[in-house]
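Here the protein sequences line up with chains A and B, keeping their order.
Here my numbering is used: position 238 in the first sequence is 238, and no number is missing along the way.
Add 305 to a position in the second sequence, counting from 1, and you land on the number used in my numbering.
Keep in mind that the hints were calculated from the coordinates and are not lab data.
The structure presented is a predicted model; accordingly, all values stated were derived computationally and were not measured.
Worth double-checking, as some hints may not be accurate.
[What the hints assert, rightly or not] Dumping the calculated DSSO-like pairs for lysine-lysine here, alpha-carbon to alpha-carbon at most 27 Å:
1. K696/B <-> K268/A
2. K437/B <-> K384/B
3. K696/B <-> K707/B
4. K707/B <-> K268/A
5. K374/B <-> K384/B
6. K437/B <-> K383/B
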Amino acid sequence: MKQLNPLSIVLFVVVFGALAVVPQFTNDYIVSLLIGLLMYANLATAWGVFCGTTRRVSLATAAFVGVGCYTVALFSETLPWPLVLVLSAVFGGILALLIGLCTLRLSGMYFVIFTFGVAEMIRQLVNWYESNISGSVGRYIFLDVTSAEIYWQLLILFALVWILGFWLSRSRLGFALRLIGEDQVAAGNCGINTVKVRLLVFVGTSMIMSVVGAIIAPRWAYIEPSIAFNALVSFQVLVMALLGGIALYFGPVIGVVPLILAFEVLTKYFPDHFSMVLGAIFLIIVYWLPGGILGLLRRWGAIRG
Amino acid sequence: MGNRFSRRDFVKVAGVSAAAMATPTISFAQADRDTLRFGWAISKTGPFTAGASSTQIPNYHLWVDDVNKAGGLMVDGKKKLIEVFEYDDRSQPEEAVRAIDRLVNQDKVDFLLPPWGTGMNMAVAPVFFRNKFPMIAPTFITERMPELVKRWDNVFALLQPNAPYGTAIVDVLQEMRKAGKINNRVAIVNVTDQGGIELVKAARDAFANTDFEIVHEAGYPIGTQDLTPIITAAQQSNPDVFLAFSYPPDSMGLTEAARVRGFNPKVFYIGVGSALPIYRKRFAAATEGVMGPGGWNPETPELQAYIERFQALNGGLPDQWVSYLCYSGLQALGQAIETVGTVDRPAIIKVLQQETFETISGPLRFENNIARDAWLVGQWQGDTFWGVAPKDREGAKPIIDKPNWS
C-alpha cells in the first residue's frame, strides 16, 4: 500500500470533526438536510465502490435499503440497537451473496435488469408475506431516536465507508477489482479469482446499504413495502454517482451534494415544476458531463488519477 | 488559465448559492407579522397524488380562500390573513419529514396541515408532536389510532379506525336479512394492502358473531389490472352479498367487471373510491344502490354552500366521504385558534380536545382525539352517496334495493 498523505488524514479528521458538531449549532431543518446528504453519500459511495470499478450497474440499492428497514421493524423492539444494525448488515450481506451468485455470468444490460428485477421481486414477496402471513402490510417503528442521533450514526458509517473506500483504492483487492472492470478475462488470466473478488466487494458494499436503511427507518415511524423498497432510491443513487463520476471511490459523493441541494432548491422555489426541472438537469448531466464532475475536474487538470 | 478559473469559480459559486438559497431567510416573530403562516407538504407528484389532489389539497385552498375573504383569523387582537407555504413531498416519507422541518425552522410557519395517507402521516407525526403543532388528519386510518393518540396527543383523526367501517356494513346486512331482503350467502374480496387487509379483518371479526355464511373469500394484489377473474369466482359462489374492500382503481375495475359479467348480487359494496366524483361520472345511473364506506347528507344549507364554493374554486365536485370532513377539520382548527386568540399551540390542542366546533357537517367533537360522529356506510341514491349507517344518525336515508346493472 502507498504511503498515507498526512495532510489528507488531518483534513479527514477536521472535516468529520466539524460535521460531528453541526447539530449543536443548527436547527432541525439543517440536520434534516444533512441526513439526506449523508444517506445518499453513503449509498452512492457504496454503490460506486462496486459498480464504478467493475462497470456493472446495479439497480438493487433499494432492495438492500429495504432489508435494513425491515430488520429494524422486526427486531428493534426486542434486540439492542447495535445488534439490530449488525443483523441488518448480515441480512443485506446474505441477500447480496445470493444475488452475486446468481449473476456471476451476467454483465452489462443483463446485470442491470436482473438487479432491478430482484429488487421488485423482493418487494412483492414481502408484500405477499405481510398480507397473507402477518395479516398487515404496514409495520410501526417506535424508537425514540432524535434526528441528531440518526445524523451521527450516518456520519460514523460514512467515515467508515470513506476509510474503506480509501483502503480499497490502494489495496491489492481494489487493484484486482479495477482490473476486472478493465478486462475480466485478462484479470482471470493474471491469476485473480474474479468471482471471489467481485462477490466479496458486492457483499461488503451491500451490507453498508442495508445499514443505511436500518439507521434511517426509525425516522419514518411506519414502513410498508412501497416505502422501504422504493425503486426511486436506486435510480437517484445511480444518477448521483453518474453526476459525480464513478472512476474514483469518492466520485459519487461529488454528485450527491449538488443534486441534494438542487432537489432542495427545486422543492422550495419550484414545488410545482420539480419533475420538469429535474428532467432537464438529468439531460444536462448526460449530454454535457460524461464522466461526471470528476471527469470535468480531470480534464481541467484539477485532479490526477 | 483564465477560462479554467472562471469555470471552476462558476461551479463554486453555483454550489454556494444553491446552499444559500436553501438556507434561512430572515423571518420575524409571529406577533410582529400581519399574517398567519400556514404550511403543508403534500404529494403533488408520485403515487399518492391522486388521493391528495382529490380529497385534501382543494379543501386546503378552499378553506384558506374562505378565511381570507372573511378578513382572516382573529389573533392577537386583530384579524390576520393566512399566508401559505406549500411543498411537494413527492410521495416519499423522507421528503415529507424534511419539508416539515423546513416549514418549521426556515419558513417559521405558525401552523402545519397534515399530508395525505397513513404512511406519510406516520412519518411526520413525530415532527408535529415535537414542535407541538396540532395535526387534524383527514386521511390517517389505522387500527392503532387509539394507541397513537396516547403517544401523540396533538394528533386528531377525522376518519374512524378501520374496525367501525367493517362492522357497520355487517350491521347493515343483519338489518337487511332480518327484513327478509337477503339470504345469508356472502362473498368477500379485498386488495392486499394495509387498508384492505384491516377492513376485511374487521368485517370477518364482525361476521364471526353472526350466522352469515362466507361462501367465497379472495385477496388480490394492489395494481391488479384485470379484475374479471375475481368477479367471476365470486359470481360462481352465487352470493346475495358482495363485499369488496378495495382501493379506487380496483373499485372501478370490480364494478366494470360485475356489469360486464351481469353479476347482480342484492348488495354490492366496494371500498375506497365509491364516494369519488369520478366513480359517479364513469358509471352514471348504474351506481344506483351501490354501497361503500363513508357517505354524507348534503341537504343542509351549509353543505350546499360548501359544494358551490368548492366548485367555483376548484372546478369539479368534492368527493362524498373525506372532502367535507377535511374542510370541517380546518374549520375546527380555525375556531380553536380564535378561541385561544394567540398562536399558543399547546393551548389550541387543549381546546381541540375539549370543545365542540360548528362545521359544515354539523357539530364536530373529538373524543380521545378521534372525531365522534361519522357516516360509516354510504349508498348511491340518485346523484348522492347518501349516509345510510349508523341509521339512527340524523339525516340517515333508508337503504334502497339495488337494481340490476343498467
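Between K707/B and K268/A, does the CA-CA distance stay at or below 27 Å? Violated, because 50 Å separates the two Cα atoms, which is more than 27 Å.
Next pair to validate is K437/B with K384/B; report whether the Cα-Cα distance is within 27 Å. holds, 23 Å
Restraint check for K374/B with K384/B, where alpha carbons must lie at most 27 Å apart: Distance of about 11 Å is within 27 Å: holds.
Pair hint K696/B and K268/A, alpha-carbon separation not exceeding 27 Å: violated, 47 Å
Are the Cα positions of K696/B and K707/B separated by 27 Å at most? holds, 18 Å
Given the hint that K437/B pairs with K383/B, does the C-alpha gap stay at or below 27 Å? At roughly 24 Å apart (the allowed maximum being 27 Å), K383/B and K437/B satisfy the hint.
Hint compliance for this structure: hints 1 and 4 are broken, all remaining hints hold.
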